[in-house]
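These protein sequences, in sequence, are chains A, B and C.
Each residue of the first sequence is one higher than the one before, starting from 1 at the first, in full-length UniProt numbering.
Each residue of the second sequence is one higher than the one before, starting from 1 at the first, in full-length UniProt numbering.
Each residue of the third sequence is one higher than the one before, starting from 1 at the first, in full-length UniProt numbering.
Treat the hints as calculated values from the structure; they're not laboratory data.
Heads up, some of the hints might be wrong.
As the list makes no split between identical chains, a pair holds if one copy fits it or if it spans any two.
No farther apart than 25 Å at their CA atoms in a straight line, the calculated lysine-lysine pairs in the DSS-like style are these [as the list claims (entries may be wrong)]:
1. Lys571 - Lys461
2. Lys13 - Lys164
3. Lys655 - Lys469
4. Lys462 - Lys445
5. Lys85 - Lys162
6. Lys162 - Lys13
7. Lys166 - Lys13
8. Lys571 - Lys499
9. Lys250 - Lys166
10. Lys250 - Lys164
11. Lys319 - Lys292
12. Lys499 - Lys469
13. Lys85 - Lys402
14. Lys19 - Lys469
15. Lys468 - Lys319
16. Lys85 - Lys445
17. Lys445 - Lys499
18. Lys571 - Lys402
19. Lys26 - Lys319
Predicted, not measured: the structure shown is a model, and the values here were computed from it.
Letter by letter, the chains look like this.
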Amino acid sequence: MHGADYNPEQWLKYPEVLKEDIRLMKLAGCNVMAVGIFSWAALEPAEGVFNFEWMDNLLNTFAENGIYAWLATPSGARPAWMSQKYKEVLRVEYNRVRNLHGMRHNHCYTSPVYREKITIMNNKLAERYASHPAVIGWHISNEFGGDCHCDLCQDAFRAWVKNKYKTLDELNHAWWTHFWAHTYTDWSQVESPAPHGENAVHGHNLDWRRFVSEQIIDYINVEVAAVRDANPELPVTTNMHAIDGLDYRKMAKALDVISWDSYPTWHDQKDDSQQAAMVAFYHDLYRSLQKKPFVLMESTPSSTNWQAASKLKQPGMHKLSSLQAVAHGADSVQYFQWRKSRGSSEKLHGAVVDHAGHENTRVFQDVAELGRTLSSLPQLVGTDTPSEAAIIFDWDNRWAVKDSQGPRNCGIGYESTVYAHHRAFWEQGVPVDIIGSEDSFDGYKLIVAPMLYLCSEETGKKLEQFVKKGGTLVTTYWSGIVGETDNAHLGGFPGPLRKTLGIWAEEIDGLFDYERNGLALEGGNRLGLKGTYEARELCELVHLEGAESLGVYTDDFYAGRPALTVNSLGKGRAYHMATRLGADFLLDFYSSLFAETGVYKALDSELPAGVTAQVRTDGEHDYLFVMNFSGQAAELELDGAVYTDLESGEAGVTKLALPVNGIRLLSRPAQA
Amino acid sequence: MHGADYNPEQWLKYPEVLKEDIRLMKLAGCNVMAVGIFSWAALEPAEGVFNFEWMDNLLNTFAENGIYAWLATPSGARPAWMSQKYKEVLRVEYNRVRNLHGMRHNHCYTSPVYREKITIMNNKLAERYASHPAVIGWHISNEFGGDCHCDLCQDAFRAWVKNKYKTLDELNHAWWTHFWAHTYTDWSQVESPAPHGENAVHGHNLDWRRFVSEQIIDYINVEVAAVRDANPELPVTTNMHAIDGLDYRKMAKALDVISWDSYPTWHDQKDDSQQAAMVAFYHDLYRSLQKKPFVLMESTPSSTNWQAASKLKQPGMHKLSSLQAVAHGADSVQYFQWRKSRGSSEKLHGAVVDHAGHENTRVFQDVAELGRTLSSLPQLVGTDTPSEAAIIFDWDNRWAVKDSQGPRNCGIGYESTVYAHHRAFWEQGVPVDIIGSEDSFDGYKLIVAPMLYLCSEETGKKLEQFVKKGGTLVTTYWSGIVGETDNAHLGGFPGPLRKTLGIWAEEIDGLFDYERNGLALEGGNRLGLKGTYEARELCELVHLEGAESLGVYTDDFYAGRPALTVNSLGKGRAYHMATRLGADFLLDFYSSLFAETGVYKALDSELPAGVTAQVRTDGEHDYLFVMNFSGQAAELELDGAVYTDLESGEAGVTKLALPVNGIRLLSRPAQA
Amino acid sequence: MHGADYNPEQWLKYPEVLKEDIRLMKLAGCNVMAVGIFSWAALEPAEGVFNFEWMDNLLNTFAENGIYAWLATPSGARPAWMSQKYKEVLRVEYNRVRNLHGMRHNHCYTSPVYREKITIMNNKLAERYASHPAVIGWHISNEFGGDCHCDLCQDAFRAWVKNKYKTLDELNHAWWTHFWAHTYTDWSQVESPAPHGENAVHGHNLDWRRFVSEQIIDYINVEVAAVRDANPELPVTTNMHAIDGLDYRKMAKALDVISWDSYPTWHDQKDDSQQAAMVAFYHDLYRSLQKKPFVLMESTPSSTNWQAASKLKQPGMHKLSSLQAVAHGADSVQYFQWRKSRGSSEKLHGAVVDHAGHENTRVFQDVAELGRTLSSLPQLVGTDTPSEAAIIFDWDNRWAVKDSQGPRNCGIGYESTVYAHHRAFWEQGVPVDIIGSEDSFDGYKLIVAPMLYLCSEETGKKLEQFVKKGGTLVTTYWSGIVGETDNAHLGGFPGPLRKTLGIWAEEIDGLFDYERNGLALEGGNRLGLKGTYEARELCELVHLEGAESLGVYTDDFYAGRPALTVNSLGKGRAYHMATRLGADFLLDFYSSLFAETGVYKALDSELPAGVTAQVRTDGEHDYLFVMNFSGQAAELELDGAVYTDLESGEAGVTKLALPVNGIRLLSRPAQA
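So here's chain A without its partners, still in its complex pose (with noise of 0.2 Å):
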């Protein structure tokens, strides 16, 4: 598929420019519109008065010239008439100020006010559009984030906890009350963080992020609730973006399909490769969530009007960066948006069609291309992405580490970690899966759980279990930190890693940007390392129980501790870093360790850096998709395997030349 949103609301008075759109469509090989996102005030002008009509001529416009429809549930933003009568649907801040209208992203999801008008207008749409030839699926409200502290929403909030630890003394334990005398005597005192109250209690602050996921997720069901009936065949999704806030891992098991947003800045640097690996990571990440393809329900086709500098995308990069997404899973590219908004925010934000309203620029020209190459591959529809290895982000995990005070508070470098790892198997081709704690770990043969700061006992009993079966942990530094609740684990770290690791974790040395330790690794050790790497960040002054020293400290007082090892546990072994290593580093030790364990490549080559292969696998064939982020051409060998080109049909390829921004897409005899 391949589309964008699309918002013909905006020009009802400009009939020229409807019809325009459907030939513009056609002409650039786009199949699906995303549509009605920001409709409510153009579907139900006034309270109880609801104007379809102009969805219908657009829906069976649509049918009639072979466009599909994602239908949005109109709730991203609510009009002025709503606002105006019903103060509760609009958002209290964190300040504890609620909003005036305006914007958009910013009802209250607890009110039931808001949650009655949309199941209102969610039913009508059902009712009308559920079997509508052109609709294949729901786009349910907007980009959902933040969170509202409203009366509604302290008393939903209660609740919850409540509901969680049942007594007043379970909540204080769990969130270490008794210290600074905050001990809940009652539970009307419990209260979201605020910036003028509590905010310093990590325990609640937790569970108040736990608390506002859950309370969107229950949102959306209601949402759902309202469209499943009319049509229960009809697939729905959200548009994932707002990745901090939000824990996507349990939103996705109220959907049916993911979706998500990408906007990367590409040529931030003359070599893309650091940016590309990153926007990998997380199309690893939404397609790991139900570990099947997913939706790339927005990009830009030139540039965002949000970033510092709206740079061009340079020739090739439109059909390089829409193809990753395939690459790592994606069944569908999409945009927005269709055609520029005449004025407002988001005027200047690329699309498709531009102000100048027609198809002779060189963004539509990209598009169109684009729109051939993708109808030319329907082979690739549902095919698999096969992985063997897999890394561990868990959303408790990184707000808990990303919240707690010290060992460095100008920086725990939490994300960047987890790129990084991530980013040495992306360089290698080497497939891999974004998974959480409570995933099966079954089927991989290594795990990377990259600072694992919050790790209940039985996450570290998972782990354990799967080293001794034979699996290859890596872990590092901060990793063992706190239970559910954010207390210390008592006894010693990395807690219940502690025997998997076989180590303890004495003290933690915060470093400051500017300074740097070493890693020395020992001669001859396991994975043939050589040589001396930089280490920064934090320092772990670690104790082996059990496990072998690979590599040493080379400064300051404890020069010469042990700062990476390995533990045996059963049939398999346990890594750890103790300090924050580089990129090279990662480059150097995965590629030893991807020997060891023997994890499935994409691709049995060298691959000249910022040259990456994905591969996808409907179990006769594997596609391969080998693409070129490094800013310069590039050229590299094939393995033995016998490859076909699919966009030329050329037989036979045994090297590739890639030019700047350059992919090419490969077929051969399935391997996984």
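Once you've looked at the hints, dock chains B and C against the given chain A.
What follows is chains B and C alone, placed relative to chain A:
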């Protein structure tokens, strides 16, 4: 005229100070004082209780000593009793929090109470002093600025919007509110922008600023009406300062005399020429508002107390910077303040009389010297500035171009671009007016419209006519993008300028601060420019539609495409810079253009860097100011005209040697 | 004494922890614990319901094990039930928003309810424990600081202002309110400063800070009164910390013992001497508040969790930094905290007992080693610090000089200037008191008054007398500018110091951070100084009125004018630095001055850079602390006195070799 702000109400307990002040004023050659600016509490210590005795004494003493007064209306700060009794006079800020009493310039402009109270006060002042021999004009309030979001202002805004758009349909189209379902369905839903409400609807933001300007002008009219009747001959001014918030061009229509407060940061670099050029721009702007001489109402005789570092003025700079104002059209040089306050926030702001209290200070002597110079130049009063060039600088354009999101949120650089173009005139001694799109273009040979992002169809037509009739127009990238309400021009940029410029601007590339492109001049171009210049920030990709390329990009995927164009239309020409070019290019470009267009120059000589020449004329004699801001000594040869030194009387001057901070005043037979 | 904050109420569910703690305390040589600091919720779980059982057990166990307690009153954080029932106890912030329940140190000091509730609690604690054998003193609340803007505090402020000024006329003059029409016409108009109200009236700001200090002292007196009767012998302290907000010199009068919390950022540079000198300044300050030994109430045995990076203490630093406190007059070394909390915001703050829970940690061993050292030095308790020099450091001056606008809003550098002068004493082992203008100047040979911006007539006279009687005074630029209410001295700066210094400071030039001037010493000056030193930030232009120039400016238009002067008056001399000079100059300058004045030095030897010597004496023996903070090994020769090593007992020590972070304790026959 020469003088200062004077606040004797602070010193009523020190009678010897008031007496001494008169002696010192005469010693300093000061013959005009702005009085009563913050005297409301002194004039009306309790509601309806008035005390004019001290003001009577003051003005009488002035009259006896040949000193004149700008008599202020005291609304810049209200008495505590008023805030206490009438909360509505306290301004409500952007965040909807009402101010407490304190500070200044923060009353509600709409408040009927405030308007009533100031009307009573102004009536009384006018009755008593409008014909006083010492009083030469009204100084209305002080440095108007800021906005108020109270309910009274909301109502006024709604009325203003309704009056402008008549129907909700018109309003919704103008602000493009169907985007994000922001459609208004009742006038009562209209509300001013808010950080926690609507703040990204550009048309809304723009109209709010227009409303604020007009509401303040409306308020000014109330104040003026209250003083006018008693003596319709007495001119009215208000000191302009908060340049960004108010449309001074509209405000100028309410005033008889333009005055402004100038506080450059002299000596923040060794070379003061950048600072001097910027100040010159503002002098030119304020003179152009009414195209007649203005008053420098405030400046500091030494340092301010609110800049990052309070640097002292070097020897010579006081005379140079004061006469710079005269050179650009000022007929009066005045200071804030006559005598340093003993306490409160401005006690350390520079003043003619220091806390030491006597005349034996460097600053007092500098002021006295200037007093002698000014009194020797009566022939300058009322003289004109001959200019055949103009720069367009519209308030609504600058609001819009800075409010819009993209293409460079890290800095669109509007003002700095305008200053850069102006500086090329300043460096070559070309007098230039700073005009608005709605002003007449008649009489100009050359018009520059830097970054005319907001360009209405009418302005487009006016510029087209200007060129057709033989004028030369210079524009830049990011022009002709939106119309009056910030809605994009459809059909191709630069919209209404497309025909005049002979180009279509398809895309614009935003560069990060660390990026550079270049302009390579075409061989044998009509301006005789050569070589390569640096380009940065924004690079427009244009197609020639009749225009000729004078130079092309050197880098990126658009290397070789036009970056500098010229189009011939009727008897004139229109130049377009598709990218931001540096000071070196602008100097060379305008140098060629001045030759090509034959615009009037103050002096037909080569000026050293950092040295400028400005001119005033009475039609019989030209008065030339040659000023050295370069931070080093400079020499120049005059052109062939017959020059007499205005200060020394030396005739037949042919060359000048200017020390650091040096200035020479010359007269010659009129040329313009 | 040696000990820590101890919070067993967090561990009541872990009875084995409480038992283990006693064993570990003894093992660590810890004999004093501060208990009950945040125990209000544990002691009074519901209004009027008290639970002292756990405290009974704790103190009894302490008594049985030879451990003493500072018993805290628990007002540092209130129980949730109190916030819920009595909103008035919640502080109202500067922006007039009342806090929600949460955090700590944020009650209203004026609230009658809070005062009543803490009085009941304190009475009960006193009745029960004031004569308990384990209790050695009262620890009133915790780290007082901040201010409250509620209506109760506004009324108290109005009463305070009225009591101070008696008439509105006096008030208006003192705060110079006729500026900007801020004249008060009724006491009810007086209001605390606000971000959206009055905030730039310096006298107003200054008096608000004075009021807040006095109101908190008033509150402390309420708490003290409630515990005093039960055992008038029991000393009272409170741990000082929030240095900027409260006038600790006034607060000291309400206390029997001074204690403070010290948290340096050791190892943020390779060389720790700058940090060490700053800590030494504060030790000297707190000792000087009552001119007797103080308590180091809190410090960390390892790292904090709130600094940018939580750096570990290098080997040796724990002993060195702890004994540094003793060297400057501490009689007790205590930590926050004994045992790490399991959860909440400070769970990662360093503690004697780690989450691991046992004694086999580096940190515990460092603490235990210090315990042994301290227990071997009983002779130090109660000994004096002999000092013949003092630095003036007034709270009202620092508030005023930092609040004032100009002459360097980018940084007036008050504290850093004071530290820099103090460091010259520290580096040369000269004991120095930190005193206030209202303290006695008797007994000092040398007084330094850096940046004495606020200098009353009385202080001017006292300093004049001090010099006349033979004392040596050192002042700097920006002194003698304002009087008690921040109104400028009229007639010429430095106002009341003008005669003593023999200069008139006409102007002061503010330099940007990137600018430099220089000081060129006059040949053959009385201090024997030579060459040129760097000058920066502020350059005062002074006229000699009896003083002699010792050095002149090297640059700018005032090159050649005096920059360093000395005036002889009576039997003494007054030196004045007209500009900010660097550490190199201050070292050389004070070295000469120490020789000239003959002030007492701890050691008559040359000290290597970063090594200091401090001394305490009992009149019979001097106890010398030689400490190496330089980050490298150092050696020095002692002077001719007879030295014995206090730890090893080695007699006749004549030279010292100090490793990194090394310290030597020596005794000698008393010299002072």
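Hint-by-hint comparison with the structure:
no. : hint            : verdict
1   : Lys571 - Lys461 : within (15 Å within a copy, 82 Å between copies)
2   : Lys13 - Lys164  : between (53 Å within a copy, 20 Å between copies)
3   : Lys655 - Lys469 : neither (39 Å within a copy, 64 Å between copies)
4   : Lys462 - Lys445 : within (14 Å within a copy, 73 Å between copies)
5   : Lys85 - Lys162  : between (33 Å within a copy, 22 Å between copies)
6   : Lys162 - Lys13  : between (53 Å within a copy, 21 Å between copies)
7   : Lys166 - Lys13  : between (58 Å within a copy, 18 Å between copies)
8   : Lys571 - Lys499 : within (15 Å within a copy, 77 Å between copies)
9   : Lys250 - Lys166 : within (23 Å within a copy, 50 Å between copies)
10  : Lys250 - Lys164 : within (17 Å within a copy, 50 Å between copies)
11  : Lys319 - Lys292 : within (23 Å within a copy, 60 Å between copies)
12  : Lys499 - Lys469 : within (15 Å within a copy, 75 Å between copies)
13  : Lys85 - Lys402  : neither (39 Å within a copy, 34 Å between copies)
14  : Lys19 - Lys469  : neither (62 Å within a copy, 41 Å between copies)
15  : Lys468 - Lys319 : neither (45 Å within a copy, 45 Å between copies)
16  : Lys85 - Lys445  : neither (58 Å within a copy, 58 Å between copies)
17  : Lys445 - Lys499 : within (20 Å within a copy, 66 Å between copies)
18  : Lys571 - Lys402 : neither (34 Å within a copy, 63 Å between copies)
19  : Lys26 - Lys319  : within (18 Å within a copy, 71 Å between copies)
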